[in-house]
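Protein chains: 2
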Amino acid sequence: MASFLSIFTMRNLFVLSLALNLSLIMRVFYEGEKHVPHGFSAQKADSGLEKEAHATQRTLVSLSSSGQDDGEKLIINLDHGDPTMYESYWQQMGEKTTVVIPGWQSMSYFSDVKNPCWFLEPEFAKQVVRLHNLVGNAVTEGRQIVVGTGSSQLFLAALYALAPKDASEPISVISAAPFYSSYPSMTDYLKSGLYKWAGDALSFDKEGPYIELVTSPNNPDGFVRHSMVNRTGGILVHDLAYYWPQYTPISSAADHDLTLFTVSKATGHAGTRIGWALVKDPEVAKKMIKFIELSTIGVSRDSQLRAARILEVMTNSSQNPGRLESGESFFKISYHLMAERWQLLREAVNRGRFFSLPDFQQGFCQFLNQVSQPQPAFAWLKCEDDGVEDCESLLRGHKILTRGGRSFGVGPKYVRVSMLDRDHNFNLFLKRLASIQT
Amino acid sequence: MASFLSIFTMRNLFVLSLALNLSLIMRVFYEGEKHVPHGFSAQKADSGLEKEAHATQRTLVSLSSSGQDDGEKLIINLDHGDPTMYESYWQQMGEKTTVVIPGWQSMSYFSDVKNPCWFLEPEFAKQVVRLHNLVGNAVTEGRQIVVGTGSSQLFLAALYALAPKDASEPISVISAAPFYSSYPSMTDYLKSGLYKWAGDALSFDKEGPYIELVTSPNNPDGFVRHSMVNRTGGILVHDLAYYWPQYTPISSAADHDLTLFTVSKATGHAGTRIGWALVKDPEVAKKMIKFIELSTIGVSRDSQLRAARILEVMTNSSQNPGRLESGESFFKISYHLMAERWQLLREAVNRGRFFSLPDFQQGFCQFLNQVSQPQPAFAWLKCEDDGVEDCESLLRGHKILTRGGRSFGVGPKYVRVSMLDRDHNFNLFLKRLASIQT
Chain A
1 MASFLSIFTM RNLFVLSLAL NLSLIMRVFY EGEKHVPHGF SAQKADSGLE
51 KEAHATQRTL VSLSSSGQDD GEKLIINLDH GDPTMYESYW QQMGEKTTVV
101 IPGWQSMSYF SDVKNPCWFL EPEFAKQVVR LHNLVGNAVT EGRQIVVGTG
151 SSQLFLAALY ALAPKDASEP ISVISAAPFY SSYPSMTDYL KSGLYKWAGD
201 ALSFDKEGPY IELVTSPNNP DGFVRHSMVN RTGGILVHDL AYYWPQYTPI
251 SSAADHDLTL FTVSKATGHA GTRIGWALVK DPEVAKKMIK FIELSTIGVS
301 RDSQLRAARI LEVMTNSSQN PGRLESGESF FKISYHLMAE RWQLLREAVN
351 RGRFFSLPDF QQGFCQFLNQ VSQPQPAFAW LKCEDDGVED CESLLRGHKI
401 LTRGGRSFGV GPKYVRVSML DRDHNFNLFL KRLASIQT
Chain B
1 MASFLSIFTM RNLFVLSLAL NLSLIMRVFY EGEKHVPHGF SAQKADSGLE
51 KEAHATQRTL VSLSSSGQDD GEKLIINLDH GDPTMYESYW QQMGEKTTVV
101 IPGWQSMSYF SDVKNPCWFL EPEFAKQVVR LHNLVGNAVT EGRQIVVGTG
151 SSQLFLAALY ALAPKDASEP ISVISAAPFY SSYPSMTDYL KSGLYKWAGD
201 ALSFDKEGPY IELVTSPNNP DGFVRHSMVN RTGGILVHDL AYYWPQYTPI
251 SSAADHDLTL FTVSKATGHA GTRIGWALVK DPEVAKKMIK FIELSTIGVS
301 RDSQLRAARI LEVMTNSSQN PGRLESGESF FKISYHLMAE RWQLLREAVN
351 RGRFFSLPDF QQGFCQFLNQ VSQPQPAFAW LKCEDDGVED CESLLRGHKI
401 LTRGGRSFGV GPKYVRVSML DRDHNFNLFL KRLASIQT
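Protein sequence lines correspond, in order, to chains A and B. Note that our numbering gives residue 428 to position 428 of the first sequence, counting from 1, and the numbers run on in steps of one. Note that our numbering gives residue 215 to position 215 of the second sequence, counting from 1, and the numbers run on in steps of one.
Worth flagging that the hints you see were computed from the coordinates, not collected in a lab. Do not take every clue at face value.
As the list claims (entries may be wrong) - Below, in silico cross-link-like pairs of lysine-lysine (DSBU-like), each with a Cα-Cα straight-line distance of 30 Å or less: (1) B/K413 x A/K290; (2) A/K165 x B/K191; (3) B/K191 x A/K290; (4) B/K287 x A/K290; (5) B/K382 x B/K73; (6) A/K290 x B/K165; (7) A/K290 x B/K290; (8) A/K114 x B/K286; (9) B/K431 x A/K280; (10) B/K431 x B/K382; (11) A/K287 x B/K196; (12) A/K196 x B/K287; (13) B/K196 x A/K290; (14) A/K73 x B/K382; (15) B/K73 x A/K286; (16) B/K165 x B/K73; (17) A/K413 x A/K399; (18) A/K165 x B/K196; (19) A/K165 x B/K165; (20) B/K206 x A/K165; (21) A/K206 x B/K165; (22) A/K206 x B/K382; (23) B/K73 x A/K191; (24) B/K165 x A/K196; (25) A/K191 x B/K399; (26) B/K413 x B/K196; (27) A/K73 x A/K431; (28) B/K114 x A/K399.
These numbers were taken from a predicted model, which means no experiment stands behind them.
Turn these sequences into a full structure, and let the hints steer you where they fit.
Right, dumping it as structure tokens:
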């Protein structure tokens, strides 16, 4: 046993140090490289991105010879909500969240044969409950937890579970504009006979049953939301991806029929592809589970184990008394980071009259035990200048990639800008925003 | 740095030893517990399973008091192809396949912004190519690799990519019976307007375009297959999940337009949910990538990293000269294990006239460099007894859960039986099979 352990330690350490080195090298490389982005859920934007990337490559020579700051050549991609801002927190936490998975572990399809959600890792479920209990943002009692390959898969699973199976026509799926840009395409890409995108909830006047998507705080604009239609036959799906203390005051524990959360916006681990749903009706949960069986035969067990570890550390870091004073608290550090970014952004915007930002009402956060500010993961920026019709194009001209208002069901004067990129890119963004206004 | 490493070593070792202990405890527990199974893609069977489980619980007292072997109370679940047989190989390989993932690694959505498949981990792609080059079972040159959350997701992605977007009716999807039992439900569960299950390829006589699924070796019966229809307008999808040396002779490198593989059947890591497609037409690949963007925004990076490590070790273990003599070769050991199981099964079946099994032709395996036997991952067992109409029910009466022929588009005289369960369950299965015939 001793010799086994010593071999293991050495090899393991070697692997680990390699991983550490590689990670650091990649980070340096990634920070330094030109961002020639590929897009998800933004096909329309893609061709623009590619043109932009090519254009940038063509102009590199002259820029280089003019001796300008390297940063000015970078295309900053704030189109996606890639939450790389959180990398530095997890680096500071060191090895606490490192997972070690031996080759023979978690090989079976089955995580828990006694759970209706047979592909749910018990440890992940446990950490989800612990986290909600700590933060107080959702009721977990009397709910079936359904794990998904990100909350996208759970959104589709919810549509499948809630749509009547033998209706004469597909059920209408609606959300108040501005709505999450992927809802229409995710709902309609398979031309399902079960459900169909029916647009803005505010102008929805069709009779009969419907599914309303309530995203709160809302993506893209960050406002707290409630159902807008409230008619007989309406079924609600609550997407609470951003209902965490760093983004919005936690006013009470959400207590809905079907609520979606995702690791990517909570902890920043987007590449892990793990989300979860809290589902009141066991029959609805059963159909969502069936959907995930049919589409991917369960959810990666490795990723659930990793997510469980990360949620565990996140909860541990924030559950000490006087957590706002704790130097390690994930939510404290993230809250202050977001506050700082929003302050800097508002300062940059307020330096001129070219742009505007939404105004939010502060509220009491039960978790932080203080009045806190909404400081969304996206900035919903409006071009106020009369001469600018298309804000996305304007910013693209300054090598800032954003997502234009049309994708969200409103006009092109608006753009959605990720607030979760790495420091370097966020600072460049501020600098360019300032330069546009001067 | 030294103190960091020493802390790391201790914590890391502690986690690792915990993981080892847990894994062993769970193994003992799992082997010993009553298998009250939950099913995927077998909803019909489930109610039966539940009844069976309840019935078993009711009979436990009398069985216990009669002093019979504990094994006889077990329900053996051979309904799914859960590849737990491979656990022992990976245990023997020790720490070689252990992955260590620090908390700040792979956080971004993006694996490789320069690849059209932006969520494909370069290391995973590299190991896929290496493995195919070694085994010689598929041409990778001139192919886009598309990674998926298991090959199920890639199957759906392929239907989406290949179906015409503006056709007046959905394209027909067919496969020759007996076909993989999940094809009909996976094709039809969303009532897509793009594609529609049209049943057995052998009786398909509709005019116009169609997609034919060619599974080779076939699930459930293990035979090598080619396209059955071969008409104008036909598009082929090759599911080669079982085209590996342990299951069938590798006669040549597959060179099709769109080929699917999955880690679960190649290495046994079903819980990792990773599959890959080799796609000739970049436009088709692009649409498959779009499908995966819309359904799950990419594929878990953690799982890809783990799969890459496992494929790497598998390739390394089998690439030494004289590989059939190597004590570590994955393919050698798995080939002999399957050969042994098939020999034992045939002996058990041949002891009576109650059951029969398919007869296969041997062939020359380019990889093993010898004549080898087909020895499929499933046994396609037929009840020859005139008094038995429903083979699945008969076996269920003996606490053996299998999947009946009707799920595969043929009659109930047939059942599909997993050959990939753990030794203990496989041996119990043989014992019960023998007892039915006496």
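So, going through the hints one by one against the coordinates:
1. B/K413 x A/K290: holds, 27 Å
2. A/K165 x B/K191: Cα-Cα ~9 Å, so holds.
3. B/K191 x A/K290: holds, 15 Å
4. B/K287 x A/K290: holds, 25 Å
5. B/K382 x B/K73: Given pair B/K382, B/K73 holds - Cα atoms ~25 Å apart, limit 30 Å.
6. A/K290 x B/K165: With a Cα-Cα distance of about 27 Å, the restraint between A/K290 and B/K165 holds, given a limit of 30 Å.
7. A/K290 x B/K290: holds, 23 Å
8. A/K114 x B/K286: Outside the cut-off at roughly 39 Å; violated.
9. B/K431 x A/K280: The given pair, whose Cα atoms are some 44 Å apart, is violated under the 30 Å limit.
10. B/K431 x B/K382: holds, 17 Å
11. A/K287 x B/K196: Holds, at roughly 21 Å.
12. A/K196 x B/K287: Within the cut-off at roughly 21 Å; holds.
13. B/K196 x A/K290: Since the Cα atoms of B/K196 and A/K290 sit roughly 19 Å apart, the hinted pair holds (cutoff 30 Å).
14. A/K73 x B/K382: violated, 68 Å
15. B/K73 x A/K286: OK: B/K73 and A/K286 at ~28 Å, within 30 Å.
16. B/K165 x B/K73: Distance ~53 Å between B/K165 and B/K73 Cα, so the pair is violated.
17. A/K413 x A/K399: Measuring from Cα to Cα gives roughly 18 Å; hence the hint holds.
18. A/K165 x B/K196: holds, 16 Å
19. A/K165 x B/K165: Holds. A/K165 to B/K165 sits at ~24 Å (cutoff 30 Å).
20. B/K206 x A/K165: holds, 27 Å
21. A/K206 x B/K165: Judged against 30 Å, a Cα distance of about 27 Å means the pair holds.
22. A/K206 x B/K382: violated, 54 Å
23. B/K73 x A/K191: Violated. B/K73 to A/K191 sits at ~48 Å, over the 30 Å cutoff.
24. B/K165 x A/K196: holds, 16 Å
25. A/K191 x B/K399: With a Cα-Cα distance of about 42 Å, the restraint between A/K191 and B/K399 is violated, given a limit of 30 Å.
26. B/K413 x B/K196: holds, 28 Å
27. A/K73 x A/K431: holds, 13 Å
28. B/K114 x A/K399: holds, 18 Å
Hints 8, 9, 14, 16, 22, 23 and 25 from the earlier list are contradicted by this structure; the remaining hints agree with it.
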